[in-house]
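Listed in order, the protein sequences are those of chains A and B.
Our numbering puts the first residue of the first sequence at 1, with every later residue one more than the last.
Our numbering puts the first residue of the second sequence at 185, with every later residue one more than the last.
All clues given are correct.
Straight-line Cα separation of at most 20 Å, EDC-like style, residue types lysine to aspartate or glutamate; simulated pairs:
(1) B:406 / B:463
(2) A:75 / A:28
(3) A:179 / A:135
(4) A:179 / B:194
(5) A:179 / A:121
(6) A:179 / B:187
(7) B:406 / B:321
(8) A:179 / B:189
(9) B:530 / B:658
FYI, nobody ran anything at the bench for these hints, they're computed from the structure.
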Amino acid sequence: MTSQPSTIRTVPPERTTATGERADEFVDSMYRAHAVELIRLALLLVGDQHTAEDVVQDAYLGLQGGLGRLRDTGKALPYLRASVVNGCRSVHRRRSRVSPHAAAPEPPPVWSAEAAVVAGEDRRAVLAAVAGLPERSREVLAFRYFLDLPDGEIAAALRVSRSTVSSTASRALVMLARKLEEQQ
Amino acid sequence: MNDIETRLRDAYRGATDTVRPEAIRGLGEHATVISPSARWWTRGALHRLMVPLTAAAAVLVVGVVAAVVVPNALRDARSEARNATAPLAGNPATHFLLGLADSTANYLSVRSAITGAAVATLAPPAGKFFGAAATGDGVSYVVAVAKAGTCGTWLYRFTISRTGQPSRLTPYWTSYESESIEDLAISRNGRTLAFSALTCARGPGGVHLVAGRAELGLLSTKVTSKASYTTTVTYSPVPRGEVVNSLSLTADGRQLEFSTDLTARSPSDIYVVSTKEAESGHDMGGRVLLNAARFGASAAISDSVMTPDGSTVYLTSYQTGRAFNARWALRAVDVATGRSRLITEKPGYGVHIVASPSARQLIAFVQAAPPRPPTPVATPSPSPWPPSPSGSPSPVPSTVPSSSPAPTPWPSGSPSPVPTVSPSSAEPTPSRSPTPVPSVSPSSSPSPVPSQTPTTSPSATAAATLDAAIQPFDVIRIQLPGGAIRYLNPVPWDVGGFFYSW
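Starting from the given sequences, assemble the full structure and let the hints guide the process.
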């Protein structure tokens, strides 16, 4: 197995936000405040912490690079959430293309039987059932039941309408209940 | 369902608690990635690469075609034009334009847009004569037709084939307007038509033009089925009584652009108007995009045209009065910002431009004879539109005061030094010289059009024609937006005898 550093994008430290705040300080503060929550969100979507951290790092680097275009720094968090969702989708696409000859297997997701990090069979069963749902359903459930966001903010992060969020969540819960019943 | 939600929250909490804040990487810390197998070129990988590789190859081919083949083809076409051997067949929008026989307006001549050679002719309905013509796509034309002794205008349409042959005239959606239409513009789909017109009114001896009552009009047609349609007609007075020079519509018909002439009473402006707002009752003089005074206190706009996408207006301007310098300029104005840029400036004093339907090509007809020294101008400066001098008998703002005998091409009373807008003793010229009242004088008009006719469209057209007495002319093809210029052989164009529209 070989490993190599991923590409790290940097921006000049003197860059400022549209409101004049220094970019690096602003991004640092955002990282301190929200990184854990976003990594946890990404973990629910991609299944392992390592990949989740990568996704979140990329999202922050994207924020740092795009700060000049961000007129309202209050929108940085929604931007990060949307970036994390996009990053997680990219991970899924990449995984679907990974050659069977890849040198290293992906780490077991938190919902797998091999992952001992989640205490309790019921939790693992629920997470496994969620993992069997469509991608958008998983995203909506994570935003609604982990981040406890209102439908409007979920819609903004996922770039869908509020009604789509509502209907997707309803269908996802029904499917989830059915899957759990089947498991029993 | 609540049970499911509770279990879901609990599972999420259990999973996410495994992410400990103290254990996560700092921002920007290098991560490691698993590199793919060294055997990435396995059969499956190659198969997956085929799609992007094929797409890249297709993009490359398109790029080569766009960068090499098309320019070569265009260069070949231009070369053909240089040699005056261009084929007299092809896309009508780029190959043909219309010339209106100036002296009598009794036929239209389809001309090669490349060489100016006549390809075909089209006669008006019996007893009528042609006026303004317009096309949105270069294939379907609408033409205004007037009749001696009346004041209204008939609208017909026809098409031009790939060989330049016109079809028969058929009535437009609205076949008659009770106004004297001076100029036309039409959208690409042919369903929005804008016109400038002089109003008609019933008076002693019949229907006459109302002096100075110029209007802008919009005809919008909605086709509801094969056999039914509705047409909305909207009129609006020309802002501030200005004299409309030229009209153009965007491809979708949503934006109307028109320019106004510099007169003793009104400035030379370019307006951009939303046709939707105009149809809902708004005045058509809502937005002045540009005032010619930007180019000099006595500058005037002679022609203008808006690109089909509504992004740019091209205009020609010249200096009048003491600032007259026997030069004309072609400029582009960004409709969004109002900023203008100079494309080219050339010697000449009297320019009329026609633009291809795509507005990527202009043909400019320019008087090339050396100018007289600047003449004293009676119109007071510096204001380009002061109140009319008391010597003008016409209540109408005029570029060429009707009282002027105009023995020379430079009537001293005119704020415009451009002589071509009004053949001095010939019939008056409503579109350029909005003095329709004198035009009813029978003795003044050599035209076959009876005197009481408004000398409307045909005379308007004739007015726009450059005076044949002061040849020679330059005929210049200008590529847009860059402004590359090519001088064409003026002889086939017979500029003195025809007024062109494209």
